[in-house]
Amino acid sequence: MKLDGRIALVTGASRGIGRGIAEALAAEGAAVAVNYRSGADAANEVVAAIEAGGGRAIAIQGDVSEFADAERVVKETIDGLGGLHILVNNAGIAKDKLVYHMEPEDWLDVMKVNFGGVFNCTKASIGHFMGERTGSIINISSVMGQRGWLGESNYAASKGAVNAFTRCAAMELARFGVRVNAVLPGFVPTELVEGLTAKDGGKGILKQLPMRKFGDLQDVSGIVTFLATEDAKYMTGALFTVDGGASAMLGTGAPL
Amino acid sequence: MADKDYFAAVQEAVANALGVDDDEATGDATLMDDLGAESIDLLDILFRIERSVGVKIQASDLGDEIQGGIPDEEFGAGGNVSRKGLEHLTTVMPQIDPDEYEDKLPAEEVIMHFTVQNLADMVARRAAEKEPA
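Protein chains in written order, with our numbering: chain A, 141 to 396; chain B, 2 to 134.
Incorrect hints may appear among the rest.
[Stated by the list, open to error] Okay, the calculated beta carbon distance ranges per label pair:
#	chain 1	residue 1	chain 2	residue 2	range
1	B	Pro-72	A	Ala-188	52 to 60 Å
2	B	Glu-130	A	Asp-144	33 to 41 Å
3	B	Ser-53	A	Asn-184	23 to 31 Å
4	A	Lys-237	B	Ser-53	47 to 55 Å
5	A	Glu-243	B	Ala-128	55 to 63 Å
6	B	Glu-110	A	Ala-304	44 to 52 Å
7	B	Asn-17	A	Asp-340	37 to 45 Å
8	B	Gly-70	A	Glu-370	42 to 50 Å
9	B	Ile-41	A	Lys-237	50 to 58 Å
10	A	Glu-370	B	Glu-88	51 to 59 Å
11	A	Lys-237	B	Glu-109	27 to 35 Å
12	A	Glu-370	B	Ala-60	29 to 37 Å
13	B	Glu-130	A	Glu-185	23 to 31 Å
14	B	Ile-41	A	Glu-370	19 to 27 Å
[Stated by the list, open to error] In silico lysine-lysine, DSS-like type, Cα no more than 25 Å apart, as pairs:
#	chain 1	residue 1	chain 2	residue 2
15	A	Lys-235	A	Lys-215
16	A	Lys-237	A	Lys-373
17	A	Lys-142	A	Lys-237
18	A	Lys-215	B	Lys-57
19	B	Lys-57	A	Lys-263
20	B	Lys-5	B	Lys-85
Bear in mind the hints are in silico, worked out from the structure with no lab data behind them. Note that beta-carbon positions come from the ideal geometry of N, C-alpha and C, so glycine has one too.
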């Protein structure tokens, strides 16, 4: 078990990719703080599942788009589990609309959670990580930060911000023994992207994916777990795409 | 811990953080001028000191130590350090002679004169404050 004795905080871990990551880290021996904003029951389910597997976990409520909450969540993790070595900034929302139909606040709302959460939790834990001279921060971004898709402009902007921040934070923290990387999933069916992937059984998207399949939770949690371990000790400031080849392609890759 | 031990710990922190040899990080070497330390280097030095001797100093504490609680205007902020400011300065940075620097030391440049020894002395003072009387 590669994360024996390590302690992780996963934001937005009551469901979706966050839940997958929390469970995967726990399976490698990490104690996990399962942060949620409003899904207390779901978060407690995740904790129960981890404990049933012999692991250690606690659920911590907090809206990471609010700095005071982020600080409290980090503090409760350190107090409750005895430390912090791994921060997975996963909490995210989407408000998909064409720019033409967006309200002025539709970009800021998404930015405040998707990038704000990354900033707030990084800032809230940075003093701890720098003092310990060890740490792995993994930001859950998206291929949407690198390529365009209808209705995603605000989400894309927030993930682009995460990518850029990841590089700078990595640079600044490298000499303190803290690594910062981002994982960029492609299409992984969860509640966040239900609207996109469920439509028409997903055919409209699958036909454009080189692997002709969506990703699953393990595809994302696998790379996140790797980045949390010492196997990735020389990796920082890097963006890891997990998209079945989607962003490697120009258009649909062949004449229609 | 004896003062010379604080010096050794500070010298090691400075040398490691800046990637210089011990014989470059001498007591009278200025952190930012002679040794070229920037803001991120200072953070590195201070975190290393905290880890090695358990004395926590924030980057902002250096400014406070230099100004010694003297209000901005009285200290000479925005211009040259006042006589009163210099008389305080010499207690934390003994290499600064008030007579020599009267009307000649812009307040914002004071930090450039901060030496490895000045930092070691500050660490020793902080450590002593922590000890119960």
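Are the Cα positions of A:Lys-235 and A:Lys-215 separated by 25 Å at most?
-> violated, 30 Å
For B:Pro-72 and A:Ala-188, compare the CB-CB distance with the range 52 to 60 Å and indicate the outcome.
-> Holds, since B:Pro-72 and A:Ala-188 (Cβ atoms, about 58 Å apart) stay within the stated range.
With respect to the beta-carbon atoms only, verify the hint that B:Gly-70 and A:Glu-370 lie 42 to 50 Å apart.
-> holds, 46 Å
When you check the alpha-carbon spacing of A:Lys-142 and A:Lys-237, does it fall within 25 Å?
-> Given that 25 Å is the threshold and the Cα spacing comes to 42 Å, the pair is violated.
Are A:Lys-237 and B:Ser-53 spaced within 47 to 55 Å by their CB atoms?
-> This hint holds: roughly 54 Å between Cβ atoms.
B:Lys-5 paired with B:Lys-85 [C-alpha distance capped at 25 Å] = Answer violated: B:Lys-5 to B:Lys-85 is near 30 Å, above 25 Å.
Restraint check for A:Lys-215 with B:Lys-57, where alpha carbons must lie at most 25 Å apart | Given pair A:Lys-215, B:Lys-57 holds - Cα atoms ~19 Å apart, limit 25 Å.
Pairwise beta carbon distance, A:Lys-237 to B:Glu-109, judged against the given window 27 to 35 Å = violated, 49 Å
Cβ distance range 33 to 41 Å for B:Glu-130 and A:Asp-144, holds or violated | At 40 Å between Cβs, range holds.
A:Glu-370 paired with B:Ala-60, Cβ distance criterion 29 to 37 Å = Check passed, 30 Å falls within 29 to 37 Å.
B:Ala-128 and A:Glu-243 - C-beta distance against the hinted 55 to 63 Å | Once the Cβ atoms are compared, 56 Å apart, the range 55 to 63 Å for B:Ala-128 and A:Glu-243 holds.
Does B:Lys-57 pair with A:Lys-263 here, judged by a C-alpha cut-off of 25 Å?
-> Within the cut-off at roughly 19 Å; holds.
Hints 3, 6, 7, 9, 11, 13, 15, 16, 17, 20 from the list above are not met by this structure, while the remaining hints are.
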